[in-house]
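Number of protein chains: 2
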Amino acid sequence: MSNLDTMPGIDARRLWSTLEASSEIGATPGGGLRRLALSEEDRAMRDLFAFWARESGYEVGIDRLGNMFVQRPGTDPKAPPVLMGSHLDTQAKGGRYDGILGVLAGLEVLRSLDDHGIATVRGIEVVNWSNEEGARFQPPMLCSLVFAGGASVEWALDREDKSGVRFGSALEAIGYAGEEPVGGRELDSYFELHIEQGPVLDETGDDVGIVTSAYVMAGMRIQILGQTSHVGPTPMHHRKNALVGAAYVAVEVNEMGWRYAPEDGKSSVARIDVSPNLPGLLSDEAQLYIDFRHPDPDRLDAMTADVEAAVTESARRSRTEISIAERWGFGGLRFDPGLASLLTRQATALSIRFREMASQAGHDAYHMNNICPTVMIFSPCKDGITHNEAEDVDWDRTTPAVELLFRAVLERAGRADG
Amino acid sequence: MSNLDTMPGIDARRLWSTLEASSEIGATPGGGLRRLALSEEDRAMRDLFAFWARESGYEVGIDRLGNMFVQRPGTDPKAPPVLMGSHLDTQAKGGRYDGILGVLAGLEVLRSLDDHGIATVRGIEVVNWSNEEGARFQPPMLCSLVFAGGASVEWALDREDKSGVRFGSALEAIGYAGEEPVGGRELDSYFELHIEQGPVLDETGDDVGIVTSAYVMAGMRIQILGQTSHVGPTPMHHRKNALVGAAYVAVEVNEMGWRYAPEDGKSSVARIDVSPNLPGLLSDEAQLYIDFRHPDPDRLDAMTADVEAAVTESARRSRTEISIAERWGFGGLRFDPGLASLLTRQATALSIRFREMASQAGHDAYHMNNICPTVMIFSPCKDGITHNEAEDVDWDRTTPAVELLFRAVLERAGRADG
Numbered sequence: 350m351s352n353l354d355t356m357p358g359i360d361a362r363r364l365w366s367t368l369e370a371s372s373e374i375g376a377t378p379g380g381g382l383r384r385l386a387l388s389e390e391d392r393a394m395r396d397l398f399a400f401w402a403r404e405s406g407y408e409v410g411i412d413r414l415g416n417m418f419v420q421r422p423g424t425d426p427k428a429p430p431v432l433m434g435s436h437l438d439t440q441a442k443g444g445r446y447d448g449i450l451g452v453l454a455g456l457e458v459l460r461s462l463d464d465h466g467i468a469t470v471r472g473i474e475v476v477n478w479s480n481e482e483g484a485r486f487q488p489p490m491l492c493s494l495v496f497a498g499g500a501s502v503e504w505a506l507d508r509e510d511k512s513g514v515r516f517g518s519a520l521e522a523i524g525y526a527g528e529e530p531v532g533g534r535e536l537d538s539y540f541e542l543h544i545e546q547g548p549v550l551d552e553t554g555d556d557v558g559i560v561t562s563a564y565v566m567a568g569m570r571i572q573i574l575g576q577t578s579h580v581g582p583t584p585m586h587h588r589k590n591a592l593v594g595a596a597y598v599a600v601e602v603n604e605m606g607w608r609y610a611p612e613d614g615k616s617s618v619a620r621i622d623v624s625p626n627l628p629g630l631l632s633d634e635a636q637l638y639i640d641f642r643h644p645d646p647d648r649l650d651a652m653t654a655d656v657e658a659a660v661t662e663s664a665r666r667s668r669t670e671i672s673i674a675e676r677w678g679f680g681g682l683r684f685d686p687g688l689a690s691l692l693t694r695q696a697t698a699l700s701i702r703f704r705e706m707a708s709q710a711g712h713d714a715y716h717m718n719n720i721c722p723t724v725m726i727f728s729p730c731k732d733g734i735t736h737n738e739a740e741d742v743d744w745d746r747t748t749p750a751v752e753l754l755f756r757a758v759l760e761r762a763g764r765a766d767g
Numbered sequence: 350m351s352n353l354d355t356m357p358g359i360d361a362r363r364l365w366s367t368l369e370a371s372s373e374i375g376a377t378p379g380g381g382l383r384r385l386a387l388s389e390e391d392r393a394m395r396d397l398f399a400f401w402a403r404e405s406g407y408e409v410g411i412d413r414l415g416n417m418f419v420q421r422p423g424t425d426p427k428a429p430p431v432l433m434g435s436h437l438d439t440q441a442k443g444g445r446y447d448g449i450l451g452v453l454a455g456l457e458v459l460r461s462l463d464d465h466g467i468a469t470v471r472g473i474e475v476v477n478w479s480n481e482e483g484a485r486f487q488p489p490m491l492c493s494l495v496f497a498g499g500a501s502v503e504w505a506l507d508r509e510d511k512s513g514v515r516f517g518s519a520l521e522a523i524g525y526a527g528e529e530p531v532g533g534r535e536l537d538s539y540f541e542l543h544i545e546q547g548p549v550l551d552e553t554g555d556d557v558g559i560v561t562s563a564y565v566m567a568g569m570r571i572q573i574l575g576q577t578s579h580v581g582p583t584p585m586h587h588r589k590n591a592l593v594g595a596a597y598v599a600v601e602v603n604e605m606g607w608r609y610a611p612e613d614g615k616s617s618v619a620r621i622d623v624s625p626n627l628p629g630l631l632s633d634e635a636q637l638y639i640d641f642r643h644p645d646p647d648r649l650d651a652m653t654a655d656v657e658a659a660v661t662e663s664a665r666r667s668r669t670e671i672s673i674a675e676r677w678g679f680g681g682l683r684f685d686p687g688l689a690s691l692l693t694r695q696a697t698a699l700s701i702r703f704r705e706m707a708s709q710a711g712h713d714a715y716h717m718n719n720i721c722p723t724v725m726i727f728s729p730c731k732d733g734i735t736h737n738e739a740e741d742v743d744w745d746r747t748t749p750a751v752e753l754l755f756r757a758v759l760e761r762a763g764r765a766d767g
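If you read the protein sequences in the order shown, they are chains A and B. Just so you know, the first sequence maps onto residues 350 to 767 in this note's numbering. Just so you know, the second sequence maps onto residues 350 to 767 in this note's numbering.
There is no bait here: all hints are sound.
Which copy? The list can't say, so a pair holds if one copy fits it or any two copies do.
Mimicking SDA-like on lysine to any residue, the simulated pairs with C-alpha atoms at most 25 angstroms apart in a straight line are:
no. : residue 1 : residue 2
1   : K427      : G466
2   : K511      : N626
3   : K589      : G483
4   : K511      : E634
5   : K427      : D685
6   : K511      : R383
7   : K511      : G524
8   : K511      : D622
9   : K731      : H586
10  : K731      : P584
11  : K589      : E604
12  : K731      : A707
13  : K589      : T553
14  : K731      : P628
15  : K731      : R668
Hints were generated in silico from the structure; no laboratory data involved.
Taking the hints into account, I'd like the entire structure generated from these sequences.
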């Protein structure tokens with residue numbers, strides 16, 4: 350590895366300029382991005398990404414779910430390619446970097462290989478996964494899920510947004526309903542670079558996180574049933590206010606997060622829908638969406654038991670009927686140890702300060718881990734603020750992660766003379 | 350008063366049939382009514398009400414806010430008339446009786462006077478107030494407020510519903526933008542019959558409530574400001590989740606209601622608006638609408654202090670900024686003692702079991718009380734369930750209130766030979 354220091358790397362300024370261009374598409378007044386999956390903004394960003402790719406001489410494959418694959422061939426057409434990437438869609442009031450950095454870093458890796466005239470044995474591809482955020486179509490990571498065989502293409506095409514628009518119709522409307530099959534082909538490996546979305550690297554001063562595992566996450570939709578009645582004359586002992594039932598659960602879930610915080614557990618209440626939600630009326634129905642995560646699956650089970658107890662207690666105190674109407678979860682996985690040690694070795698050789706860590710957010714890599722060796726690289730973000738218009742990165746502190754991606758993908762793709 | 354027992358009364362069957370006809374206009378599958386102010390359903394009900402009035406030979410005056418006045422002249426055209434009525438609009442999922450009973454009972458009083466050939470010195474009018482519920486245009490009791498000089502006609506016409514439709518435009522669209530001035534004329538008195546909207550009469554078995562006063566009510570919009578961030582990696586001590594802040598306030602407000610319940614105080618949390626309210630994101634803003642009431646204004650001040658303390662404590666526990674963004678209130682009034690004792694005397698003479706009580710809901714009568722002698726009569730409703738599709742009354746237990754209205758209005762209008 351002694352030649353690493355003298356090897357050519359990426360063009361950080363070029364990568365930065367692509368990120369700046371991305372930041373113009375769906376820009377919000379608050380300095381962030383609103384680029385919901387399959388929106389006109391998503392179309393514009395996809396068009397620009399495809400333009401850059403084709404301008405650099407790469408083919409762009411598009412599958413039936415709109416997943417985009419920018420392809421740089423290797424010298425051995427039969428060898429399964431190395432894949433890297435993330436997603437270009439954002440939250441409703443998202444930031445400029447999130448998954449975007451991972452896609453554009455992938456493009457930068459390809460361009461840098463060309464700059465330096467480096468050929469690889471294996472092909473290298475950059476993917477832009479459709480609808481990672483789940484801000485428009487549920488669930489998040491929808492299209493990598495199907496790619497990895499976790500659900501059918503038809504099921505995904507039938508997902509509907511809040512207005513009842515089908516995923517399939519929205520995809521056709523923006524011209525990204527491709528013809529390639531979704532998944533079902535062999536891959537050498539998958540690398541995903543992403544901003545950390547937490548404050549650890551910002552606080553420790555480390556350059557990159559080598560992500561070896563993922564927190565286990567549990568999501569639930571809590572349903573609260575009460576009874577409408579007039580806010581005025583209804584005595585307290587006649588009330589069954591669904592909104593109050595939801596509030597008790599929300600407080601309990603939040604308190605639980607603090608109890609598990611010393612072990613790095615956390616819990617969230619992130620959405621409430623109340624009906625009829627009018628000032629003069631107690632509500633007869635509420636839906637509460639909660640989410641909790643823990644590094645240790647056994648402790649997540651303990652949190653689940655706490656939530657179940659909180660549901661019972663909240664129903665008692667609010668005199669409503671409360672049930673767990675839906676449960677989901679992800680995480681609790683280990684990424685490929687071979688790829689993690691490759692990253693460790695490369696980081697050490699490059700004098701990059703790294704720390705091994707666990708991912709706490711959901712990522713397309715979770716699904717890819719089921720079908721090929723997969724690993725993630727985190728780069729720092731300021732104060733851990735993400736999914737927020739104020740999301741920001743320090744460019745000097747971002748470059749090491751992209752350099753590491755470049756070296757790791759190059760090693761994995763099998764270096765050959767340029 | 351010895352002749353009261355032999356005096357003719359109302360035709361309960363006819364009144365019941367008008368209520369049945371009303372129950373068909375805007376009927377919901379759950380057996381209730383959805384007849385939002387100035388909707389097509391409201392138009393249809395107004396048309397039917399005006400048809401009945403004109404069929405019986407009464408003039409129907411309509412003012413610039415769509416308030417409808419059915420007029421039965423007296424023998425002295427210069428004597429200010431007696432007014433009675435309520436409202437024909439409903440909540441989004443309201444019941445069949447609410448204010449409707451008060452308007453149609455008024456019509457029945459006029460018709461019964463005609464049946465028996467009774468002339469009165471003073472004219473008698475029945476009013477249908479526009480937008481009492483406030484389910485579409487805020488605030489509730491909007492048009493009696495203006496009638497009583499509490500706000501300008503132009504301000505009311507400019508109120509907008511959730512979709513941005515102006516009150517004035519909606520009123521024109523249904524053809525009820527009249528030309529008569531709003532208020533500004535002398536009235537002898539105002540009587541409002543309404544279902545109780547609480548369980549007291551149903552539980553005590555009394556026939557009517559003679560409403561001598563009104564609970565004081567305080568409403569507040571609580572604003573919670575937080576910060577968006579990802580539900581996954583954000584540690585507990587970095588979170589400022591507006592939804593959690595709102596939940597703490599909601600729980601505290603509800604607990605307060607139980608503390609004051611032994612004194613018949615109560616508190617409500619009846620609406621929450623959260624932004625961005627997405628499953629993957631902590632919220633940066635929430636608005637919570639609360640409402641609390643007490644028979645004693647001094648104790649309401651104590652409740653207000655409790656809410657202010659709860660706001661401070663909830664902000665601390667949720668790490669958000671919480672403030673009382675808006676305050677309003679009504680009630681805390683005494684109705685006219687002369688009219689109340691008139692009702693007591695008549696009820697006694699008719700052997701109607703009555704109890705004096707305080708109104709807890711808002712009513713148009715509150716505004717009318719500012720400009721003329723005003724009183725209310727309550728009739729029982731089953732289990733105190735109102736503003737609910739299941740709202741129900743027992744007809745035999747409703748008739749006494751209408752009889753009492755008939756006798757009281759007749760006495761007040763000054764009986765003359767028929």
